[in-house]
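*Asks:* The chain contents come next:
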Amino acid sequence: MLRTLARIPVVVFFAAVEAATFLVAFCLGILAIGLGMVFLFPPMVGMVRPLADRARRQARAWSGIEVAPPYLPEPPPPRPGPDGWYRVDRTLYRTPRYPAWHSRFRWLLRDPATWRDLLWLMLDPLAKLLAVPFLLVLPGPAARAYALWVRLLLGHTTASRLAGRVQHLTQVRSIAVDSQAAEMRRIERDLHDGAQARLVALGMTLGAVEQLVDRDPAAAKALLAKAREASAEALTELRRVVRGIHPPVLAERGLADAVRALAMDSPLRVSVEVDLPHRTEPPVEAAVYFAVSELLSNAARHGGATQALVDISHNGSALRVTVTDDGAGGADPAQGSGLYGIERRLAAFDGVLALHSPPGGPTTVTMEIPGVLPTPWHGMKKMPRWKTALVLGLWATAWCPLFPQGLVAACFKIFNAEHIRSWFLALYLPPAWQWPTIAFMITLGVIMYAFALLLPAAHTDEVERCRFAS
Amino acid sequence: MPVRVLIAEDLYLLRDGLVHLLQAHGCTVVAAVESGPELLRGLVELRPDVSIVDVRLPPTFTDEGLQAALEARKRVPGLPILVLSQHVEQLYARELLADGSGGVGYLLKDRVFNASQFMEAVHRVADGGTAMDPEVIAKLLASNSRHEPLGRLTPREREVLAAMAEGRSNAAISQRLYLSESAVAKHTASIFAKLDLAPSDDDNRRVLAVLAYLNAVK
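Protein sequences appear in the order of chains A and B. Using this note's numbering, the letters of the first sequence correspond one by one to residues 1 to 470. Using this note's numbering, the letters of the second sequence correspond one by one to residues 1 to 218.
In case anyone wonders, no lab produced these hints; they're calculated from the structure. Among the clues, some could well be false.
Unchecked claim - With a straight-line cut-off of 25 Å between C-alpha atoms, the simulated DMTMM-like cross-links for lysine to aspartate or glutamate are:
| # | chain 1 | residue 1 | chain 2 | residue 2 |
| --- | --- | --- | --- | --- |
| 1 | A | K221 | B | D110 |
| 2 | B | K109 | B | E159 |
| 3 | B | K109 | A | D311 |
| 4 | B | K194 | A | D265 |
| 5 | B | K139 | A | D311 |
| 6 | B | K139 | A | E233 |
| 7 | B | K109 | B | E120 |
| 8 | B | K109 | A | D257 |
| 9 | B | K109 | B | E71 |
To be verified - Restraint ranges, calculated between C-beta atoms of paired labels, are given here:
| # | chain 1 | residue 1 | chain 2 | residue 2 | range |
| --- | --- | --- | --- | --- | --- |
| 10 | B | F61 | A | A225 | 44 to 52 Å |
| 11 | B | P59 | A | N315 | 54 to 62 Å |
| 12 | B | V44 | A | V213 | 45 to 53 Å |
| 13 | B | A193 | A | G207 | 51 to 59 Å |
| 14 | B | S101 | A | T460 | 16 to 24 Å |
| 15 | A | R240 | B | H20 | 42 to 50 Å |
| 16 | B | H25 | A | V213 | 39 to 47 Å |
Glycine is no exception: its CB is placed at the ideal position from the N, C-alpha and C atoms.
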């Protein structure tokens, strides 16, 4: 009780703060948009967003309703062109200051959440004052209702969520395309400088042998031995390239054994624990394999580790990989491009990487890729058989009370045709019971239809909830 | 009496080349198969003196050949099998050696280029010895190099150890490293002492001991 009472002054105080802020923001907005003083726009938004964030936090604290901020992600810092200048549309700038401001301004102006924030700020003092009496009488429901109001204007709309998703996917796609192109270039270079060059040399040696074979058989024989060596070297080279594209052991055995093979080849003492009920898609396996390979070689090269543990497990439908080593720690993702490369590779599958590397060790890297394993509640998708039977039974019988026994009998009574009793149960009863029976039949029919519709819907809901929970 | 050989290889050119090579060196090719199930049937029914098996075979093109070889050796312990592959993995080597009964080879396909050395390996496996690819041994030694007892070996001893692990006899090692046989014997004795292994005169048992040791350190 005391807690709810303590909320009232907070609500009133913030209603006042919001009203004042709205007035200031309104004036700034008029100046910024109406009079072209655009530099006032970002501070105005900067004033509003903390208040909105506070309202979101409060909604969660008071009623448990989660309101996620719907803002678009902040634009990346401007990057200079190859000539060191920064470009905005058709203008070049020497320093990043104006381009950074410009992209920030566009980001704020174009985000619909900015304008919904303002609308909320205008209406919220009123809503807050309206809510005060209810908060006193019915604290629980009133807090919930207020939180729903907050969510209405400050939460995600379907459009904003989809827009965020589209932006994320666009980014991920461009990363994936980039890294694929880089990979292709690397393979091309490897083949060009390695195997291809060696095969050319081999052909030349064989040509020389052809010329020498009659004149100087001994020299020809020596050259042939050299040619054989060159072909072996070309094979070794090709084997290295193949390993970089898709390790054969991964193709032959899958992720678990491929990681075990990696562990054996590593100079570290690596133990591998795998708990995977199913194999994942080959691209995911390859990404994880290369990530583990990179992490183990990092640990051996930089961390001075002697032991490592690779743990591959599943978390619902997510694949989780943890690599721990006993090295010196203090790994900095900003410095090593290896971790960045792994992150990019994983991003293509919506995977994430978390690094925990305190100075002095141990270093733990956890990677999680969601939704790549078949989910354990697979069988729950279908309704249990008794429910299906019940729903079918309801559909098959609900017409009987509703139409003949209910509505049709009612029509007969209204139009005074009770003498045709036919099989209408109500018309055989004493007159005082007839209307209640008809009403009961109609209600029964409606309830049966309602259940036939609601049971499958409720089941789908439950399945959806499980999917999000896992 | 000529050695009876079974060949399992799905690429026609390689299979044909192997058949010719083996026949030219006085072996009898009892069967040349191209898929996993055929291979297993051939191994168990024909019991060849030695089989040359490609790791990757139809129908799945995964490690069909290796699995068939392991299965056949489970049913017929010690059945000599020489596995060929485009790449070598310590993992596969361990699986082949796991039963500790010898008569196993695991070589890169490139080794076929050197016919005399390849035939030497084929005969060694047929006689119940082992033939491990130098690359497997190199990987094994490299991944173990940080561990104490191996670090105490002199470079020469490491060379002898590597050759021994490949499955070579003292005589072969002495030829290869240009040492006298007694020098090789001295080196091997010193290696066994440093690694705390019981010395053994039997070439094959000695190899298995060394490989088991290398596999166990990690």
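*Asks:* Determine for every hint whether it applies to the structure shown.
*Replies:* Structure-based check of all given hints:
| no. | hint | verdict |
| --- | --- | --- |
| 1 | A:K221 <-> B:D110 | holds (19 Å) |
| 2 | B:K109 <-> B:E159 | holds (23 Å) |
| 3 | B:K109 <-> A:D311 | violated (34 Å) |
| 4 | B:K194 <-> A:D265 | holds (24 Å) |
| 5 | B:K139 <-> A:D311 | holds (23 Å) |
| 6 | B:K139 <-> A:E233 | holds (18 Å) |
| 7 | B:K109 <-> B:E120 | holds (15 Å) |
| 8 | B:K109 <-> A:D257 | holds (22 Å) |
| 9 | B:K109 <-> B:E71 | holds (22 Å) |
| 10 | B:F61 <-> A:A225: 44 to 52 Å | violated (34 Å) |
| 11 | B:P59 <-> A:N315: 54 to 62 Å | violated (34 Å) |
| 12 | B:V44 <-> A:V213: 45 to 53 Å | holds (47 Å) |
| 13 | B:A193 <-> A:G207: 51 to 59 Å | holds (53 Å) |
| 14 | B:S101 <-> A:T460: 16 to 24 Å | violated (59 Å) |
| 15 | A:R240 <-> B:H20: 42 to 50 Å | violated (30 Å) |
| 16 | B:H25 <-> A:V213: 39 to 47 Å | violated (24 Å) |
Comparing the model with each earlier hint shows violations of hints 3, 10, 11, 14, 15 and 16; every other hint is respected.
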